[in-house]
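These protein sequences, in sequence, are chains A and B.
Per the numbering used here, the very first residue in the first sequence carries number 1; after that it's consecutive.
Per the numbering used here, the very first residue in the second sequence carries number 1; after that it's consecutive.
Among the hints, erroneous ones may be present.
Pulled from the structure, derived: some chain A residues nowhere near chain B, Cβ distances all over 12 Å [stated by the list, open to error]: (1) D152; (2) D161; (3) N169; (4) N213.
Sample of chain A residues at the chain B side, in silico, Cβ under 10 Å [what the hints assert, rightly or not]: (5) K31; (6) D121; (7) K195; (8) T222; (9) V223; (10) R232.
Note that these hints are calculated values from the structure, not bench results.
Yeah, the Cβ is synthetic: ideal placement off N, Cα and C, and Gly gets one too.
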Amino acid sequence: MRLITFIILMTVLSITGIPASALTVDEIVNKSNQSAYYKGRDGSAQVSMTINDSQQRTRKRKFNILRLDVQDKKTNDESYCGDQKYYVYFQLPADVNKMVFMVWKHLSSDDDRWLYLPALDLVKRISSKEKRTSFVGSDFFYEDVSGRNINDDTHELIKEDENFFTLKNTPKKSGSVEFSSYTAWIHKETFLAVKIEYFDSKGEKYREYKALNVEYIQDYPTVTKAKMNDLRTGSETVLEYSNVKYNIDLPENIFTERYLRRAPLKYLK
Amino acid sequence: MRRIIGSLNRYFKNGIILFLFLTFSNSLNAQTAPTLPKGLLDNKSTNASPALPPGLKNNGVSKEPDDSSAAPMPLPFDLTAFCELRTGRRLHQGPNEQSTSLSESRLQIEIERQWTNIGFKLTSDFIYDTVLSRNRIRLDSGEGWLDLREANIYFSPAEFIDVKIGRQIMTWGTGDMIFINDLFSKDWNSYLIGRDNEYLKAPTDAFKISFFNTVANIDIYYTPYFMPDRYIDGRRISYWNNFSDQRAGRNMIIRPDQPSTGFKDDETGFRVFKNIKGYELALYGYAGFWKSPAGTDITSNKPIFPDLNVLGASLRGKFLNGIANIEFGYYDSHNDRSGKDPFIRNSEIRLLLGYEEEVSNDFTIGIQYYIENMRRHDNYRSGISNDYHRRKDTRQLLTLRLTKLLLKQNLSLSLFSYFSPTDSDFCLRPRISYKISDIWTVETGGNIFYGRHNYTFWGQFDKNTNIFFSIRRYFSY
């Protein structure tokens, strides 16, 4: 009897234990999510996007981004992966100059989104049901910029080598998103996703993300250059972060109507 | 169409646009972008591990920042500008309307400098207009070759106070192209002839102070002299003239008696607002005048702007899969509270319900239901002679907005429509705009009016149905 139990146990372990990582899949996913979107308590960066379509027509976007984790300042939990607030201040192209896009990202409900149009002094509310819509006409989606809820997918470790955990992620509600699965190569030391490939319902790859450059900023490994390719249209967007700062003591009231109407210059420099 | 092209040609002959383009396009060409190196597309098998990006191999050593993209910033302020050519035609020919509804070239220059606690902004439009070729500048009504849209300074005298003084654009309230508690001046001519939506908002000369705290935020503004709407007066858009019982245009231009004594004929308003977990609650108040003529002085037989006070409230937030809003306002026309004076508009209750949802990727639908209920309609009815077209006690209005973005959000197709079941009239506003590049945009659209009767709100504009076309080029430093 003990022998049978032992054999069953060994079999189970040898199946589930492949690859024999010390971390559980959930831990990898959490750390990766944390590493991509939750470094420090808050942060600011200048972002430039270069969108090239298949005919090499180039469009550029330039904006500042402010981010705050909505957590108690005193606890300062480094593993926090909860609600966040984002403030995006546009400079280019000229027709969106000084426009502001603000998001209160919620994990348990739809996000709150606002858009400020300076020419009309109008604070507009935006419906936020669709998260996989192009962000400002680029190949990145809203979700790529502010993070996809990790609970929306099931995660499976399909490979582990010296550099990477390779995870296959499948949406729990198939049909709710345009992909049937995506595979992410998570760097083992930094937990940054270095490459992500998206597959459609036929199993064909149609979209690909690549981290092109990583810098250590205030000891946080940070992707400062990344590229998203849309393989169907031949369009690609290169995203570059500069002047990245963490833990800048952003007050939460920056993410209110007051600062939509008057940009918080102190934090945008 | 040939005539549109003809009028375009006339512009270019005038040389204004050409001059502007030549002046700016060489020095400010923002379209030089390097093409991305080829070979970055990874064609390896899907499960092949990617190469490590720079920065991950040599642990802890940060890369020198690449400063090749650092652009020189020689100006002491932000400068943005655009120039635009916009032309439009009426589809119906009436005796009192011009066939050209719109024909102007415009250069807008915006200068702003912001320090941590203080800043200034100056936005001026320079216009060459052949429809109303008036050269005398009138800054209050925006006539002439200069329309000063913003000229203000702003500062924070204390951490919880913001002040803005000078000419400014102000907006509040929750309606989409329906305004209840937003009593800031509107330019209805711009809105109906097909200028960019931004021109619906006319500037206001005001002192505005805002207080921010955790209980509720407060905005208060004061305008020392009455700034009416840039209302429909017959010059650009023909309208229903109740006294002559006919549609009138350039033959009967409205010249109202406007309250104009500084610091006496003034306007003031406030908003108390609070965001409770994403639900935006606001209370509003206004004391001033009806912003467009809403009465007649029977001794001088001139249209007037009677006194008006407004109190209202609104709530906006997530609802179902989209955004819902509700707004209410009580219009106290206190020169005629009894409603017995047929020459002064009665008090009204106004209510708006709205809902907007992104139903699929880049496709948004918005619907609104609005009612305007006249108080003391019985007195109004008994006071007005049978010769006039009486207003009903309630006007209902439905709006529908459809917006679809295509071609990576560079092509926008939209339709905004008003339909009134009580007035049996409607207004359709189709728009197509395309961003040719980051600096060039073209737009075409129309303003289509129809009514069963020619004395209702949209029905009176029947002869003004128009189409327009525009091309715009942006500049920025």
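Do the hints match the structure? See the list:
Every beta carbon of chain B lies more than 12 Å from that of A:D152, the smallest distance being close to 16 Å; the non-interface claim holds. Separation of A:D161 from chain B is inadequate, the least Cβ-Cβ distance of about 6 Å not exceeding the 12 Å criterion. Annotated as non-interface, A:N169 keeps its C-beta farther than 12 Å from every C-beta of chain B; the closest such distance is 14 Å. With a least CB separation of 5 Å from chain B, A:N213 falls inside the 12 Å interface cut-off, contrary to its annotation.
Checking A:K31 against chain B: minimum C-beta separation of about 15 Å lies over 10 Å; hint violated. Of the supplied interface hints, the one on A:D121 holds, with its beta-carbon coming within about 4 Å of a beta-carbon of chain B, less than 10 Å. Given hint, A:K195 at the interface with chain B, holds; its Cβ is 4 Å from that chain's nearest Cβ, closer than 10 Å. For A:T222, the interface hint holds, since its Cβ comes within 10 Å of a Cβ in chain B; the closest pair sits about 9 Å apart.
Given the 10 Å rule on beta carbons, the hint for A:V223 holds: about 8 Å separates it from the nearest Cβ of chain B. Checking A:R232 against chain B by beta carbon gives a least distance of about 12 Å; that is not within 10 Å, so the hint is violated.
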